[in-house]
Structures are given as structure tokens and as C-alpha cells.
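Peer 1: These protein sequences, in sequence, are chains A and C. Counting in the numbering used here, the first sequence runs from 1 upward without gaps. Counting in the numbering used here, the second sequence runs from 1 upward without gaps.
What the hints contain is simulated information worked out from the structure, not anything from laboratory work. Quick caveat: nothing in here was measured; it's all calculated off a predicted structure. You may find that some hints are simply not true.
Stated by the list, open to error - Partial selection, computed: residues in chain A whose CB lies under 10 Å from chain C:
hint	residue
1	9
2	13
3	65
4	89
5	102
6	103
7	114
8	163
9	287
10	341
11	342
Even glycine gets a Cβ: it sits at the ideal position worked out from N, Cα and C.
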Amino acid sequence: MATRLILKDGRTFYGESLGYKGEVFAEIVFNTAMTGYQEILTDPSYFGQMVVMTYSQIGNYGINRADVESSKIFASGFILRECSPVVSNWRAQDTLDNYLKQYKISGITEIDTRALTRHIRDHGAQMAVITSSDDSDEVVLSRLKAYPSIVGRNVVKDVSATSAYEWKSGNDIKNARRIAVYDFGVKYSILKNLSSLGCDIRVFPADTSAEDITSWGPDGVFLSNGPGDPEPLEKLIENVRILLGRIPVFGICLGHQILGLALGGKTSKLKYGHHGANHPVKNLLTGSIEITAQNHGFVVDTESLKESEVEITHINLNDGTLEGFRHKTIPAFSVQYHPEASPGPHDSMYLFRQFINLMETNRYA
Amino acid sequence: MPKRKDIKRILLVGSGPIVIGQACEFDYSGTQACRALKEEGFIVILVNSNPATIMTDPEFSDKTYIEPLNPVTLKNIIEQERPDAFLPTIGGQTSLNLAVDLAELGVLEEYGVELIGASIDAIKTAESRRLFRDAMLEVGLDVPCGDSAGSFEEAEKIKNKIGLPLIVRPFFTLGGIGGSTVYNNEEFTKAVKWGLEASPTHEILIEESIIGWKEYELEVMRDRDNNFVVICSIENFDPMGIHTGDSITVAPSQTLTDREYQLMRDQAKTVMSKIGVETGGSNIQFAVNPDDGRMVVIEMNPRVSRSSALASKATGFPIARIAAKLAVGYTLDEIPNSITRKTPACFEPAIDYVVVKIPRWDFEKFPSTENRLTTQMKSVGEAMGIGRTFKEALNKTIRSLENGWIGFYPNGTNEMKGMSEGQYRDKLLESLAFGSSDRIINLRKALDAGISIDEIAAVSKIDIWFLKQLEQVYKFELELTERINKDGLSAKDLKKAKQYGFSDLHLGKLVGCSEKEIRKQKLEQGIKPSYKVVDTCAAEFESYTPYFYSTYDEENESTPNDKNKVIILGGGPNRIGQGIEFDYCCVHGLLGLKELGIEAVMINCNPETVSTDYDIADKLYFEPLTFEDVMHVIELEKPDGVIVQFGGQTPLKLSKQLEEAGVNILGTSSESIDLAEDRDRFGRLLDKLDISHPQYGTATSVDEALDIGKNIGYPLMVRPSYVLGGRAMEIVYDDDSLKNYMKYAVDASEEHPVLLDRFLEDAYEFDVDAISDGEDIKICGIMQHIEEAGVHSGDSMAVLPPYYITREQKEDIIECTKLLAKQLKVIGLLNIQYAIMFDTLYVLEVNPRASRTVPFVSKSIGVPLAKMAVKVMAGKKLEELERTIPQDVPYVSIKESVFPFDRFDDPDVYLRPEMRSTGEVMGIAPSFGEAVVKSHQATGIHFPETGTVFISVNEHDKPRMYPIAEGLYRSGFKLLATTGTAVFLRDKGIPAEKVLKVSEGRPNVVDAIMNEEIDMIINTPLGQRSRRDEASIGRTAVKYKVPFFTTLSAAEALLRGVRTLQKKKLSYKCLQDYYKK
């Protein structure tokens, strides 16, 4: 049988196999970035999701060892219109197809990805299956329907570090600021950015207790990005709540949602999420606009923070959703989007500097 | 920040005539800017000398001046109109240069005009290669090693430091004029000298050669709050060394990782803030070393550009419109994205398709110029294609070019004649090492010849990614051919071929059948294209743009409604002979249909045009103008009719096929079009109507031609049948030259015979545009050519109303036009070319369609003719229309042409029956003398009020030259002439100084031109023997921008201008005032 992509609502696409030939179930999302497929594949936030690249020619510049965001491919599946038969870039070391095969990641190509994207846009992100199995579409669909959804599940434990480790930065600055990173699925480029600002970084498993964090004596706690629904992560939220007010906190993406929940906010799921590198975000403090990299299916509801002592600092100009806030009295702030980009524009790098300032002066700027 | 309230009147300056490097993309951006500012309630004062633009239509601005674009004129208009601000960034280099001139002359300060969009400092830093380099180095950006030089000695020093090869570029020129790559000392010396001369500041930049590096462009925007977005990235298929305007380009970038792309984006942001572009769109070019990724900044344009027009069409993001809004105070987040309506303009478009642009060249018009691409732009137009893959987009674009190519396919031309396989390989590799107009097809030939893509990459420096894509198409074709030979064309293969962008014609070649049969198979098997939307957001949001392209993916997004609708077919890529004038007509057609409440659907593939702006038509299909692609749209949309009258020859050529396929062609029938094009049938009609026409004959061999020559008598005008812009048209005076011509022309056109016409020497020519609703016929304008017969109507100066004509002659013309319109059952527009010789009126040519002169006449009489024509075609009667055509106007309009001679090394500057002008300007004034001064000034060449005139004419012209020389002498000119002419003038009592011909020694006339001792030249062609003399005079005159008149009638017109100028100052009036009753 041909390789197929079947969505939970029954929409089926027939294409060519890409990467590993097998069967994979995951939530389907689309990403509109035109470059950066390697970073996307290795971003742990995509755990449990298969990604449709809306740009139609992917794989052109191949794969290189430097541009990874984690130790392996975390996306469950990859869906393309066309995968390049040749790579051309002076840093290229491998082809995309080989890379997917190496990590046993299944994909599908030669399908109408625009039709698929429009379908997801109109009907929402949902579970889907890529399969090369010989079973009929009906049989595969029934397997898909039985497969658990990502909503309400704790998937952070599947991507987090199992034990704490030092991030080798190459810095030998004396008395450097110490940052404890809660690894909910952290991207390397976040760690690279923090360490390039002269910080010593220790990465902790997601379930590390607040006490264990404080006992290391950090100057700041960073809440990383990560996959899935934040609400089931009660334990982690509780840990953050304990740390608040004691150590300056900065959160990105899932880290932002966890901070929001810790401050009494609520989260909800977006219809099809924000996944791309062109989202305009307005910084309400300066009035300036950042073009941002985004990758999230859940948001913190602005309304739910109204009662708290939180100041909204960033909003999304496309749909008005909350993109960033800071606490008025406690040193804690976060953004929903990805200042580390990778892939995406570097407009928001100032936030890492802001975190350093917060640790040094207890002020945001 | 909201809109500024302190400015009310804004001055905009267009880019003037279409020239190589500055074409109708500036009408597209200018029109957007005019509309954007008008809808904000500003009073827009527009100055442009090009009548064929939409932007100069009186409804697009409040005060429209069709006047020469020079500082003096601008100063006068500023004095008259008192604008508060001048937005100089939407009219190309012309407008930016004028901004600098006006600032330096103190005009802006004197009248309190604020520059908006870009400051003088920003313009100067961006435009001066030296300041730009320094600025880049200051902010830590990498640039090619090099330095600027103001003298030969300085240049030598730099050469010794960096070493050859080097790139030598003059400062402050348009489209890279004078820029060249030099590999040896001799070339270096030549290029440095040329560059120092070509630069208005006599400065050149000498840089390390980065030939072969990957070339990229980013189209970016910035607002006054320093918000910055990249609209589009473009990767050039052709590497550094070929001007971007001559390169095949691809959007988005294909071979940059995100890391490299974002680095480029960061650098672009740094460039923008360093240069200080306050608001608007800019274009920044980068080069990347393919071996190690070193990235250097090449240049930036602080204005909208050819690339920004392409980027707008490629993404759907209206750069010029947004730039205009930013200039008046808005920030990016305050402007809605009109495509998604819900999201702001402040974002970076995401695209989910590939866009390919391929330039189009007209080298065959300049046979003495080598077909080679360099850092100096030579293309005259471009086509763009959109597909889901590069392969699909490339094939679509190749067939959009309309130069006989049907895709990535060699078309069966065999150049191996008399060559060994090895020689052929070498020849191909050599041609690929340099760019040429047929590079893409040569790549295919190279694959056919078994040359590997690694070998090709090594010589051409084209990125292996692109070459591999080509190889994929090629290999698929080979496999496909094999399968076809075995089992015929399967549905699966047909679908796959279509996804790769193969045309029906291409598949027909492989199968050995006609295009029709492939079409039949497609219909039977239900294989048809789907149409996708260009929506700026890769389908992330719902979009409202009716901007579509075809592909062979699953889902079709274009759902036709059941309104009455009409499709207008555009003109495709610009070329000499078919340019902006036809797009002008298409745009009016669309607007006219909309006024009637009919849905207006546009098909075109030229990204420079206004007609492909997504909100001009109700629906836009960006598609090749081939029978196949057009039929697909027709089959989906099921229009009430299709209009082929407006887009020039391109749609006209399709009309027969379309009609055969059952399509309703609106307006004049294809039968009438055919009748008018068919010499014999048309000749018989004219004979029947007792209308004179030059005797003619048709020949398919040399002998036949010579027989006709005997019967009709010489001189003869000869040309191949069915041609555009008088291609390969010549006048022959005897058997020998006819023989020579036949050898060349029969080769030039295999399918069509050669046409021979009696040439009416020294006749006056007229161009007449008329409109007919089938019963009522109105003459729109009678234009008299200033040059005598023998100069192509597209190249000659024309005056409206005519200046040497009797009342009887005029009546004859009107009567004859009406008669022919009736006979040809014209519905819509009609153009007739007449000649009057010895009081006899001859019909030279009839075109039952919109002609090149429609915009000029429309502008002159203040009536939108094409808009009226479309209404007539839609069934209205002329008397039902609001607008009427004035029979007389109390002012004079003159159309003058501009030529690309400065682009080519060895131009023949004498006007011929073959059209070679790229654009036109208009002078409008109360009198002939003033109009001629204005039109001449508008061509960009100084109009001499006094000074030294060099005269050299042939024997035949001498008697007529005498009064002109006398007039110039009496007007205070000093006369300079070659021996024969000088003696002739002295005999008549006119003092003329002698100067040597080139062949007579030195110092000669060319030296005098170079020493700037000559202010004007009158030189009629002297025949074969003086060719070399003439060529060097012409070339030097072009280089030194000395006014150069090659016909006596043009010189006569000039004399009238001189006399006017000596008597009175020029006055300037906007069209709106001219049109007031």
C-alpha cells in the first residue's frame, strides 16, 4: 500500500514514504517557517507531534551537526510537499531523508500540504497517523481513534533530562551568574544564549524539587520550553510557585505557561496553535514590534491573569493572544514565543540580557 | 504613530520613460503609492514624463504633470504647487537623483518641501559606493575588499594591492552601466577609463572579484519606530557576475540554512539602521562564498525597486503601498494586511510555493552586440512563474517568455552542423561559462550532450541544487520517453509530468502528437490543474485575495461565481515593440469592466505590471499566456467572453486557437484580425474599396524576391511575415542588397515567407487611432510622424494634432478610417498607419486592436480610450457612454522615443524600419515649439539653446538641410561641418567651420565631441562607405549625451524648439487643467 496520512476526522492523503517506513501516531500541526527544518525536528517541544512544513521544498541544504536543538529528533513525523533529492550547502553533512531514517522517524512527502494545512486551520489540530502498513484505511483509522490524545497528558517526563548536568559553555568567568534550568524539553540554543552571556548553567530534570534547585544556589531559575499540555504538570507548577519571590525566574513557551499557572492563571488550547517564524509580537512597554519564532498549541488566557499582580508585556498582533508578562513585585517574567529563535528571527534576544539584569539588579531593565 | 496631520500636499515623481534597468515596475509601485496616499486624503502632485503609465492617468492623482524630469522643471512645478513633502522613493533612481539635485540646488529648502521616506544623507550613503562601503565597515559588516578611485593612477594602486580579476564600477549610474569584470591589464585599462567617464562624479569602485559567489537579495521594510520586516528573500540562479536584472531569480531563498538566513536578516537590519532609511522598502544584496559561507554586503537601494515589485508579486505583499503609508507617519502595526484583513502588515510573509523569474532579452535587435551577460543589465523584460516546486515554476516561466520555448526542452535546433562531438561540448561549456540569453536552454543541451552537472557547475558556478533540479526534469523526460515509446503516455505519467511543469506542447513532442491530442487525453482522464492562492501566510489564515496560480496538487481553491465575467489576456513579458502601453490598455479594460459591474478576470505573467496588482482585477491568474494555460482558466471560470485586443501580439496570436476551441472572443472577430494581417486578402479588400496602398509581393525564395523587385521597383521595404516591432525589417535599394537580405531573413523566419512592399520614400506618415461600436466610428487621434517614412512608427516622434496636413488630407484620412472600420466590422479599437506621398493617401497597415499609441492619445485628449473600448466590446454603444471624444484640442502633444544605445557596445544609432526603442516620453504644451523642447528634454538629453552644431548630411539631403542650417545660424549657433557640407554652406553664404571626418585624421569630429566642443549633431546616414565614421560619431554622441538628430525632419522640429525657447520661458500645466473645457 502507498504511504498514507490519515487524520482523525478521516481526511486522507496518499503520498510517498519519507524517512523510516512504519506507522506513527501523533498530533498534527503545521509550521510556516521556510527555513530551519533541522531545528524544528530536534526541538523537544514537538514531542508527540508530527509537523507539516508549509513551504513546499524542504531538505535543500541538508543536515549538519551544528544546527541541532537537542540530542535527537523529537518530532514524531514529518510531512512535506517535496523533499530535495540533493543537498547544497557548505556545511551539509547528510540528507534529510537519511537523517529521518537514522532516527526511525516516519514521514510522508508528495502530498498537497497546502490542502492539509487549510484542513488543519479549518478543523483544528488533531491526531493523525502516517502509515505504510498494508491495512486498509478503515483499519488504520480505527487504530488512530483508539490512540490517546496529547491533551491532558504529561509528556514532559518523556523529554526531560533524567539527571542534572552542567552545560559546558567554555566560559571561565569567575563569579559567573548561576542559572538553574528546569528542563521541560529545553532547546540547545536557549542554553547557548544564556551561556554566551557569561552564565554558569546547570540543567535539572523537570521533576527536581524546589529545595534541590535552591540548594545549588542559583542566581536565577529558567523555565524551559517543552511539549504538550501544561495543566497536568501540577507538581512542576507547585515547584515554581515555591521558587517565586526567592529567585528571579524567566520562562519561555511551556515555561511561560507554567509560570502563568503558578501565578494563578489558566491555559487553553488554540485551534491550531502558532508554529512558525513570522509572528508579530508587540512589546507593550516599548511599543516596538518583534518578529518572533513560535511553537505552541496552548496559551495563557489574558483574562485569567487580570486579578493577579501581573503586567502584560507582550501580545500577538495576529490574534491578540498573550505573548509575555512580568510580575509587578516578584522578579519573574516570561514569554510565550522563542527569543532564542532557531529557527527564526533574532529580534527578541534582548530578553536573555533582561534576565541577567533581573538577577543582577532585581530590575527588569 | 498615526497619520501625519502637518502635511497635506505630497509630490511624487515617476521614473520617466521605460529604459533598460527602469521599466514598468515603477508604474506599478507609483500607482500603488498614488492610490495609497489619495485614500488617506492627501493631495497628490505627480510628475512623470511617461504617458504610457497608469499612474499618470488623471484620476490617480490630484495634479498630474506630464513634464520632463529635470531639476528646472521640478523647481517650477514646486513653485506652482507648493507641496509640503516629496516622497522620492517610489520613482526609481530617477526620482532619487532628482531629490538629491533639488536638495543640492536648495530648492527643497527654499520652498519648505520636506523629503519623506528617505533623507538626503541616507540616499547619498546608499548611492555612493564609497560612503556605503565605509558605513558597512563601521558597523562591522563584511564587504568585498577594494577601494574607490578618482583617477587612473589610484586605480592602478588598488589593482596592485588586490590583484586581478577585479570588478570596476562607476559611481552613480543606473542599472550597472559601465560596470565590468576585468581579467587582464588591457581590460582593466579600458574599464577604468570607461568607468571614470561614465560616472557623473568621475569616480569608480574597484573591488575583489566575487564572481561565482552565490547571490541573494532581501526585500525589507522599516517604519519610523525602527520596526523591521523582511518581505521576501530571493536567491539568484545565476551567480555573482551577472547583473541581478539579467539573472534568473528564485524566491524564497533555497540553499540557506536558517542560521545563515537569520544572519543575513540581522545584517540587513543593521544596514537599514546604519544607512538611516527612515521608512519604506529597501533592497539589500548579499553575496555568499559557496565554499566557506563568507557573506558580504554588496549594495542597497533605499527605495522600491525592480526586485521589490517582484517580491510584491511573489508574496502578495504590496510593498509600495505600505511604503507610502509608512512615509506619512503610520507604523507597520497600524496598517492592516489587506490580504488576511485580520492581521497587520507588520509580519514576514510565509510562502508555500516557489517563484521563478526569467529575464527576456532582445539581442537580435542589436546584432553587433555579443549575446553575453555581464554586470551591466541588458534585458528588456521578464516573466514570472509560480509553482509548488522549482521544477514546475521553472517550466512555467520558460514557456511564459514567448520566445518559442515550450519548457526545459531544446526545441530541436541543431547547432552541431559541421562540428565534432568534442567541439560541440567545448562550445556548450564555453557558453555556460558566461551568461547568455539562452543559458537555460543551453543547460538542457549540455545535459543532452552528456555533460555532467558537476562539470556544468564547475564552469557556470550555478548552484548544484538548481542543476540537480534541472537534471531531475531531464531524467524524468528520458524515462518518460522510454515508457511512452513502449506503452504510450499513461495517466500516472501525464499527471507527474504536469506536476513537473511540462506543457502540452512539450509532451506532444515526446509522444509525437499535437498539443491538441495531449489536451484531449487530459480531459478524458480528468487531469486538470488546481488553483492555489497567493496569500502571504502559507494558508495559516483565511485570505481574501483573488490572486491565483495553477499547479497539479489535489485541492483547487478558486471557486468561480455565476456573475457575468470577462477575461482579459495580458501582454506577457515586456520586449521591444510590446511593452507598458499594452498593459496600460489591459488595466483600463479591467477598470472599464468593473464599472459595468462585470467581473474582470486577468491572466498575465509579467511581474512588473499594474495589471498583475492583485486588486486591479476582480480575479488575477498569474499564468503563462499559452493556449494551454489560458484554456485551463477559461474552462474553470467559464467567462462570457475573452478579450485579446489589449495585450498586443501575445493574446492576438491565441485568438484563432481559442475561437476554434469555442471561446467567445469579444470585439473584433479573429476573422477580421486575420484579414487585416493577411497581405493578399487585405490587398484585395483595399483594391475593392479603391484605397491606395504600396504595391507588394510575397516571396519564399531569392529568385521570387528578385522578380518582385523587378515588377514593383526599388526601394523596397522587406520583412518576414507576422512580426512584432518590425523585427528584421529593412529597406533595400537594389538587387544586391535584396539578395543579402533574403539570405538572412528566410533564416530568421522559417514558417513564414518574406513580404516586400514598395517603400514610399520621403512620404509623410500618420498613425490613426479610432474606436468603433460596429455602427458608430469615432476618430480618437491623428498623429503625424515627424520623421519621414522608413522609421518604425514605434521609434519615430509623433505629433498630435498633425502639423503638416491639409484639410482635404485630413478628411481623406477620416473617411478612409471609417470605411475600413466598417469593412473589418471593428468593435473596439482600430489603428491605421497611413502615408501621404504626392498628395495620395496610402494605407500602410491596419491593426484592428489596441495599438501602442492608445495611452499617448488618451493622455493627449483626456479620454480613456481603452476603457471606452472595453465597454463597446461588452455591448455598449458609443453614444451610451459618458465620455465623448473631442475633435480638436487647443494644445500640442509630442511623443518621442528613448533608445537603449548606451547599453550596447557598438550601437547603430540611425533609426530604421526596425523598432529598437524601449520607451517613450510625451511633451505637452500650447505650441509645437514648446512641446518639442519638452519631449526632447524628457528623453533625458539636454536641449541646446545655443552653442555649436555639427552638420553632416548626404547629397540627397543637402538642399533641405540648408534652411535648417541657416535657421540655426541665425539663432546664434556656430556651425561645424565636414568638408563637403562646409563648402556647400559657405557657398550659400553661411559660415561653417571645417572639421575632419574620422577617416581623415586627427583631431576629428569624434575628438571634438569628446572635448565637449559640440552641443548638437545633425547627421543623416551617408551610406555604406561612411559606416565606420558614423558608428564612431554615433557611439561617442550617445556616450557624451550629445543631442543627435539622424533625420532632417527631426532637425527641423528641433529648430522650431530652439526658436521658441529663445523667445519665451516654458510653462507647466497639469493634465487636469489641460482637460478643463
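Peer 1: Take the hints in turn and mark each one as holding or not.
Peer 2: Against the structure, the hints come out as follows:
1. Annotation: interface hint on residue 9(A) violated; nearest CB of chain C at approximately 16 Å, more than 10 Å.
2. Interface restraint check for residue 13(A): the shortest CB-CB distance to chain C comes to about 8 Å, inside 10 Å, so the restraint holds.
3. Taken as an interface hint, residue 65(A) does not check out: its beta carbon lies about 12 Å from the nearest beta carbon of chain C, beyond 10 Å.
4. With a cut of 10 Å, the hint placing residue 89(A) at the interface with chain C holds, because the nearest CB-to-CB distance is about 6 Å.
5. A hinted interface residue such as residue 102(A) counts as satisfied when its beta carbon comes closer than 10 Å to some beta carbon of chain C; here the least separation is about 19 Å, so the hint is violated.
6. Against a cut-off of 10 Å between C-beta atoms, the interface hint on residue 103(A) is violated, since the closest Cβ of chain C lies about 19 Å away.
7. The interface hint given for residue 114(A) holds, since its Cβ lies 5 Å from the closest Cβ of chain C, which is under the 10 Å cut-off.
8. Because the closest C-beta pair between residue 163(A) and chain C is about 30 Å apart, greater than 10 Å, the hint is violated.
9. Because the smallest distance between the Cβ of residue 287(A) and any Cβ of chain C comes to about 6 Å, under 10 Å, the interface hint for this residue holds.
10. A hinted interface residue such as residue 341(A) counts as satisfied when its beta carbon comes closer than 10 Å to some beta carbon of chain C; here the least separation is about 6 Å, so the hint holds.
11. Of the supplied interface hints, the one on residue 342(A) holds, with its beta-carbon coming within about 7 Å of a beta-carbon of chain C, less than 10 Å.
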